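Engineer: Protein chains in written order, with the numbering used here: chain A, 52 to 201; chain B, 52 to 201; chain C, 13 to 122; chain D, 13 to 122.
No lab work stands behind these hints, which were simulated from the structure alone. On a predicted model such as this, the values are computed, not experimentally measured, just so you know. Note that beta-carbon positions come from the ideal geometry of N, C-alpha and C, so glycine has one too. Each statement offered as a hint is correct.
Okay, the calculated beta carbon distance ranges per label pair:
#, chain 1, residue 1, chain 2, residue 2, range
1, C, Glu-22, A, Asn-153, 48 to 58 Å
2, A, Val-65, C, Asp-113, 39 to 49 Å
3, A, Asp-181, D, Glu-86, 55 to 65 Å
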Amino acid sequence: MPDAVTDPREDDEVRIVELDIPSDVRLIENVVELIRHECEVMDFGRRQIMLNVPVALSEALSNAMLRGNRDDPEKHVHVRAEVDANRLVVEVGDEGTGFDLNERSEDPTTLDHLEREDGRGLFLMRQLMDRVERVDVPNGSVVRMTLHRA
Amino acid sequence: MPDAVTDPREDDEVRIVELDIPSDVRLIENVVELIRHECEVMDFGRRQIMLNVPVALSEALSNAMLRGNRDDPEKHVHVRAEVDANRLVVEVGDEGTGFDLNERSEDPTTLDHLEREDGRGLFLMRQLMDRVERVDVPNGSVVRMTLHRA
Amino acid sequence: MSFSIKKEGEVVVVDVEGQLIVGNRQELKQKVLDELERGEKKFLIDFSQTGYIDSSGLGVLVSLSKKIREQGGELRLANLNDDLKTLFELTKLDTLFQIADTRDRALQSF
Amino acid sequence: MSFSIKKEGEVVVVDVEGQLIVGNRQELKQKVLDELERGEKKFLIDFSQTGYIDSSGLGVLVSLSKKIREQGGELRLANLNDDLKTLFELTKLDTLFQIADTRDRALQSF
Ligand SMILES: Nc1ncnc2c1ncn2[C@@H]1O[C@H](COP(=O)(O)OP(=O)(O)O)[C@@H](O)[C@H]1O
Ligand SMILES: Nc1ncnc2c1ncn2[C@@H]1O[C@H](COP(=O)(O)OP(=O)(O)O)[C@@H](O)[C@H]1O
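Based on the sequences and whatever the hints tell you, model everything.
Structural biologist: So, in structure tokens, the structure goes:
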């Protein structure tokens, strides 16, 4: 087997990772590692690789599995990450009926929310990504997150 | 966030994992973990999970990346694993021109081969899986491996 | 990903190795609740070997802190790296928990 | 996945933590070759913390064993679990390497 040559990376390089997996939260960590690696290859900042990308992506994946697909392993989650020298765009799709992102903007940092266990997922996605959008697709719902390389 | 309920696994359950990734050998370990997890969920034997599946799959993936795609990160590897209570069928596709599996049947355990560094990949795939096949597809080549649950 | 528990004096010290996320947080919760049931009162969770924490991991910490307080116990956190500190600050959970810079300081603070 | 190197007496001991596969085998190779260049002659690779090894990992072990022998040195392997033993048997590499059951036995065998 020949040695793996280091990527002859070019400025216009785009790396795309696509996955389709059953709803099983134990798969999340490895999905995150795959996409985090792409961001590392593209020289994203250390904090983005250690905090923004993994946390926001975990949130989107667990919402897709547990909220969208109601933890039904027969329902799948589709992930598509596109990374280039400027930004990461990652889409997480589930087979749920969708939800209104704008209606879900409670602030979990208020005093009366602070002791609640849940409700921090979308908040963290918004804090850690530059942009969070939701789109309806046939038979499902997609959350798209964008992070500019820094 | 609600608790993740353990899979209400049924006998006719089929779990499918599909991935499309750039040729980058550093991605292999996480791909292996994803598919190994599916075999764990389906109660494959300990040895299959610790040896057969990860080693054979690593070989197929690195051949697809380094042989089929010549380590070009712009060329993708497509992986599709289907696991049920009876067996794992995993297909690894690359964008190469294919090869003749039957012609590649050298035995790396002979004395004069033993000190060579390479040439053990297909041998291990055949030893560790119940079946290894190759099919030509438009724009590429696919290796399909089957392992019965034991 | 694993959690190792040991006793230092009167304090139950839990090391979180790897991520604390939706896939494994139940394990942490159960381990700590088992100790609480055995009558332990002082808990320290050490994050020096932790990668990232997601919202459900944070949720488990909030839940444990409540349960421990209800039993008249105390929970301290220690060794958050800068990224984890930022996570606690973003969610204002740094105001809910007692967070020490080092394990020793956390142990002395009980 | 990481490799930790330390010296026990005259022997360079390398622990392979995690997998030894195409994605990281170069790192192991380089670490051992650096020690060889520094004049070290006795090498022990300990697999007690190893997951799986692929054919390119095996290839690196074969290559290192040759290079070490060429310099008049010796390589021993230790602590292969049953799955790894099977892998060495399938490839007949158990006949090429000197394999000890335990680290101590490997150390004594130099
Ligand atoms: N993929 C999704 N499909 C359906 N509903 C969702 C999805 N993601 C989020 N939601 C809704 O938004 C709410 C807030 O989500 P989040 O902030 O992550 O908190 P939590 O999931 O802990 O309740 C969820 O309770 C759910 O009702
Ligand atoms: N996916 C593939 N595409 C093209 N050729 C392949 C592929 N997989 C294997 N081969 C061919 O089969 C040969 C033997 O493969 P293998 O037994 O894995 O040993 P090695 O890759 O170490 O040479 C390779 O050298 C290559 O010529």
